Every structure is written in structure tokens, then in C-alpha cells.
Amino acid sequence: MSETIVRVLPGEAIEPQLRAGVTLLLAAGVHRAPVVIECNVTLRGEAGAVLEADRAGSVLAVEADGLTVRVEGLTLRGGAGEAGGGLRLAGWSEVTLVNVVLEDNEATQSSGGVGGGAFVLRGSLTAEDCTFQRNRAGVGSDLAVWGAARASVRGGFFAGDVSCRDGAELSIVGAHVTGQLELRGTSTRAPQVVLKGARIDGGVHNDVNQPATLSVEDG
Amino acid sequence: MLQHAQRPSRPAREADTEPSQQAGARPDKQARLGNAAIAGQQGGPSGESALADNEISSWLGDGPQIGGPQTASTDTSQPIRATAVRTGNWGALIGKTDKAQLFSDATLKTEALSVADGTPCEVIRTDDTTKNLLVQVRVGKEKKQGWVKPDLFSVQPDLNVDDEAPGFRDDFIYAQQKGDHSPVEPKGKDTAQGALGDCYFIASMAAVANASPNSIKDAIKYNKAADTYTVRFFEESYGGAAKPVYITVDAFLPTVAGNRNDPAYAGEPGGKLWPAIMEKAYAQWKGGYDAIGKGGYGAQAMAEITGARSQQKSPSSMKVDEVIPYFEAAKKSGMAIYAAVENSRASDAQTPFTGTGNKLSGTVTHSHRWNHIVPGTVSITDKAGKVKGGISDSGREGDKEAKLQGTPLSAGSINYKTNAADLTFKDNMGPGKAEDLELRFKYQGAVNAEKLLVANHAYAFEGVVNGKELQFYNPWGTWQPKPITPQEFLNHFTNISTNKAPAGATTA
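Line by line, the protein sequences give chains A and B.
Just so you know, our numbering puts 473 at position 181 of the first sequence, and the rest follows in order with no gaps.
Just so you know, our numbering puts 419 at position 348 of the second sequence, and the rest follows in order with no gaps.
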């Protein structure tokens, strides 16, 4: 079945173009966010394509269940909220980011906020060769994987911190994190974390009292 | 970082008057007296909130509870003791006198230090022979170590990292708040945030209490025999199934220096203490007060309280005439409603600079004394167009000052505390006159001082006023906002989370 591609120019609204199965090809330039995704869709950026939320909310939000969402070659910028300035995944859906830049996003609510670049509370996130930079949050400035969510990071660069808490699962393979990897379970469960060939400059802070189950290979 | 989510001070609970302190400064809760200064004070009965002995658990049963320390003392003046203590545990030294003795040796022969009963501590190591514990405590601006008997140690949630004293935990004392503090008729107004950045959790409790008081009543059970509380939360597993978890805590709460009846975090002397009990259980479950005090996600917190999944809505997707009907419908259907105010707001252009020649200086002004510049958001332009190239600040969150930089400058600086800005232009690259320079920035603080709305803060919805305005509750317990119009709501709020408790827990 052929792929249905719709090219979107800067200034054109994105949400009305979101239909199940469609691939939106975002032309170079700045496109307006926040965008709430409620169907299976692919967002593909041409070189220089930026989704800019201008602090009006998360750049991308997925709250619905059962979706498959793919984002390629885009820059997610300027998002703000209490969790997940660049991306907030709070539905039981699968989101894949490939060659995505998440920058200048913030989660600063409540003296901190969670996951400035991306926050994953439910569902599954796969991030391949993505760049997280200049994101801000109280916890997990670049990425926070909490609740019972799952995240798989393959390659890429994190200029800030990554957090994995509660009963979440996180795999980091071949990525470079310049900040800290913060791991903390609850008194009732522990996160499951696998590091393989990962470089964590800021060190791994695995809580002494409620630690994650951590497996390190080639790192 | 200025912690807006912490209350500035504690005047009368219902006061709408402006606190006298800058946001984030909590002199009544964060007085740095040091442990020595409060040693010897007695932990007397709270004298408030002695509620009826009811609400004994129906769901708790007699089986083992999940999570938390497993051993409860039957001595009701004593805290919960852990069955096993290990290096890295946080807790407090709680005995039967007003002071706790630390010794310089593992055999406890030489007294080294006396601290107030209830002093928080961290276990450094245990002695294999004596089973005694080497603990570290904070004494003013110092960390000191000493040996204690293990039965003096009570596992307690670790305190928040002290922003004003790097490397230290907050300087609070655990003290028992006697009586039964289980909720009888919980209301959102019972909540009062303390010196902890967990407005997301306090506002979540308030929102749930407003919409579904039985969810709160059902979640907190007083265990009279042990004088403890078992608090029920819910955790999801992958795919969405939520199951209850039960966390048992005692009523030894962190209290402010000088008043062992004044909870440092949630809670108010003379006020309802069920929010403090629930907050403590949440902290114990999640890994300590510090773990929950650096921000969180209100939608998650409400779901963890009720067991029902929260829904999100972005105000940016709403039209002004949709606001009142949305809130009326949500409230009518029994939704707990939580809303978050914008992180920062763009200033109007200011022309603060004076001077002649290449060196100019000026002071940024604010519309409210709480307000402050968000580092990294300053921009300076020349409205006359003579200065070529932009000027901006290099600051990052937490900085007190930063450079002002740009092609036309040879030097520049801005101080975020004094709001003073200085510019030195390269020859022939300055403005025609100083007042041509316009300075803009983003600020946090009172983003709407008239309506008492604070940036970067969470609120619980209370109701629609006169069919045309919205009333929110500030989880600080004070500085309550005035009713706001739908347009003001859209201007300032960036997130709405709603949560409908399961049937059976929606009415008081």
C-alpha cells in the first residue's frame, strides 16, 4: 500500500492534517505547535523543519492509547509544561523518534517539572540518533521515563540529565549522556535499566534506598 | 532557582493579603537556627485536630502490607522502627527524652554530641559486632557523625535538599503530631503546602478532596493501636492496570525550627493534618521528600490518589466562550480539576538605560516585587535602528548574574538579583541615545498580581463564580487568587488535568 504523504508549509495548521495513516512532510521553516496527536501518523521533517511551541505547551503530546507515531528529522523546540516540554507521552502508545532534535524545551512546574525534553509516563518510546540539548527541568532535564513506561534509546546525544523512576524500563545503547542518569524506584517496585555501550559523563545515581535494577554492558 | 511552588510565608490561612516575603523565601519554615539552637525543646502534643476515632480500616485487613517499614511499635509515643537498617538509610533519632546522644566510638563509651530528639540523620555504616549505627547529622552549617544505638533510629523519608545551604538537607526536626489526623470531611482548603516544591501533589490532593472527598477518606486509615496511618495509592503496570499499594507512616513530621507543632512541609498548626500524613506517605513511597520536592506531574499524582487515569487538556485549544461550560460540566460530572499556570511571561519593553558615550547602564523594573528575570531571556534592541546586531544575556537557570553579549558590545553584564544592567559598546556601534535601547525579558513571579496568580505553580479548581468567573485554590493555603475571567484563564494557564474517581468514592 502506498504511503499517503501530505506536505505542510510553515504557517499551515498541522492538527487538521492529522489523519490515520498519513505522513506529514513538514517543509523547512518553523511550524506552529503544540500538536496533540490522536491517530497513527508519521511526521517527517525536511532539512531545517522546526516544530516550535513558543512555551504554549508540549510541542508534541500523545495522550491516547493504541497509537503508533513516528517522528523523523524534525526539531522540537520551545515546549513548556509541567512534564515533557518537547514530547509528552502519557497514553499507552508507541512513539518512535528518529534523528529528532529536542532543544530549548522546559518542564519547570512545581519548582522543577519533569522531563524538559521528553516525558514518558505510559507507553513506549524509541529514540534513535536523537539530540537533546538546552532542555530544562527539575528532574530529567532531557528525558524522564516514569510510571510503567518503557523507553529505548539507541545512539544519540543528551546534553543534560536522564531520569528513570517508579517501575519504568529504560534501555540506553550507544548513546552519550553528558549529564546524570538518575534512577529511583518506589518502595513497591524498581525500574529496570540496561546500559550497553553508553557513555554517562555525569554518572549514574542509583538511589541507595530504592534502587533500580541496573545492568551495564560494555559501558 | 527561585522556588515559586513553595509558599512564601504563612499569614492567616484564608488571607488574600500579600505575604511580606518574596516568593520562595520561607522564614517561618526555613529559619536556619541549627539543631543546637533548638535542642532541648520538648515535643509536646499538638493540641489540634484531635479527630474522632473512626475510619478504622475496612480494606486494610490483617495481612502484610506492601512497602514501607514492616514493624510498628505498640508504644504510641514511638515512631515506626525498621526491622533492618543499612548504610544509606535516612531517618531520625527518636527516643524517649528530649535529646539524643551520639558517641565517638561504636561501643558507645564516649559521648560526642547531643542533638535534639527527632534530629534527621543518614546511616553511614553499622558495626558488625555491636550492631550500633554510625550516623551523620546536620548541626547548623556542619555535618557531624556519631554512633548511636539502633533502637534510637527510625526510618523516615529523607528531607529536601536545602537550597540555601548546598550539600545539606533541610534543617527540620521530626516531631510527633499526636492524635488521630485521619480525614473526616476532607476539603481542598485543608491543604497547605510547606517548604517543599511539591505544589503538583498538594494541588492534586486539594482537587481530589474538592471533587471526591471519599477518595481521600478511603485512602487514609488510622491504626489506633500503633498510632500509625496506612495510606493507599495506586500504581499502574504496563498496559494500564492500576493496583493499590499501601504505605504505612507514623505522625512524626518534619517541623520548623523552634516549633515542634508546626509542620515544615504540608500542614498547618491548628489545621487539618491529613494532607501532611498523605504527603509523608507519598514521600516514603517515592523515595523521600527530596524525591517528590523537585517537581512532578499532577496528572500522575491524581491518578495515584484515586486509581483513575487523568485526562489532559490544553487551554490553548479552547475558545474563550468554551471555558465556563467546560469547567461547569467537569465539576458537575465529579471531576477533580487541576490547572497549571504558565512558566513565565514576556515583559513589556523597557528603556532603562542612561549614560553617554560607549558606557550605558540601567536597572530593570518589575511590576511586582516577587517578579524576577528568567536568565537567558533578555534581549536588547535599538528602536532607532542604529545598533546593528542583537544583544542578549548568557544566563542559565540558577545564575545570579550573566554576561550581556552581542556583536556591538565589548562588554556587558546583568545582575538578576539587583536587576542592574551595564553595557559597553565598541566604538561607533552604540545607539544614538541611551533611551533608544529597548530591553525585554521573560519573568516569573506574580504574573497577574491583581488576581494573585503565581507563575510556575499549580492550582486546584473550586468552582464557577456567578456563572462567569473561575475560582481556583492556591495550595499554599494563602495568597488565594481572586476569581478570574475566562480570558484571564486562557492568558495564564497552560494545562488542565482532570480526574474522575471511581464510582463509590465520589460523594462525601
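Think of the hints as simulated: they come from the structure by calculation, not from any bench.
Please read these numbers as outputs of a predicted model, since none were measured by experiment.
All residues carry an ideal CB built from backbone N, CA and C; glycine is no exception.
Please note that the accuracy of each hint is not assured.
Residues from chain A shown here face chain B by an in silico Cβ test under 7 Å; the list is partial [unchecked claim]:
#, residue
1, G303
2, C331
3, G405
4, G439
5, T478
6, T480
7, N501
8, P503
9, L506
10, S507
**Study point:** Agreement of hint A/S507 with chain B interface, Cβ distance less than 7 Å
**Key:** Interface hint status for A/S507: violated (18 Å vs cutoff 7 Å).
Check your understanding: Given A/G303 as an interface hint, is the shortest Cβ-Cβ distance to chain B below 7 Å?
Key -> Where the cut-off is 7 Å and the nearest Cβ of chain B is about 17 Å from A/G303, the hint is violated.
Check your understanding: Does A/N501 pass the interface hint, meaning its C-beta sits closer than 7 Å to a C-beta of chain B?
Key -> holds, 6 Å
Check your understanding: Taking the closest Cβ pair, is A/T480 under 7 Å from chain B?
Key -> holds, 4 Å
Check your understanding: Under the criterion of a CB-CB separation shorter than 7 Å, is A/C331 in contact with chain B as hinted?
Key -> violated, 16 Å
Check your understanding: Can we keep the A/T478 interface hint, with Cβ of chain B closer than 7 Å?
Key -> Holds. Min distance 5 Å.
**Study point:** chain B contact restraint on A/L506 - CB to CB distance below 7 Å
**Key:** Since the shortest Cβ distance to chain B is 16 Å, the answer is violated.
Review point. Close enough to count: is the Cβ of A/G439 nearer than 7 Å to one in chain B?
Key: This interface hint holds because 6 Å falls under the 7 Å limit.
Review point. If you take the shortest Cβ to Cβ gap from A/G405 to chain B, is it below 7 Å?
Key: At about 4 Å, which falls below the 7 Å cut-off, the nearest Cβ of chain B leaves the hint on A/G405 intact, so it holds.
Check your understanding: Regarding the hint that A/P503 lies at the interface with chain B, is the smallest CB-CB distance below 7 Å?
Key -> Since chain B brings no Cβ nearer than about 10 Å to A/P503, farther than 7 Å, the hint is violated.
In summary, the numbered hints that this structure violates are 1, 2, 8, 9 and 10.
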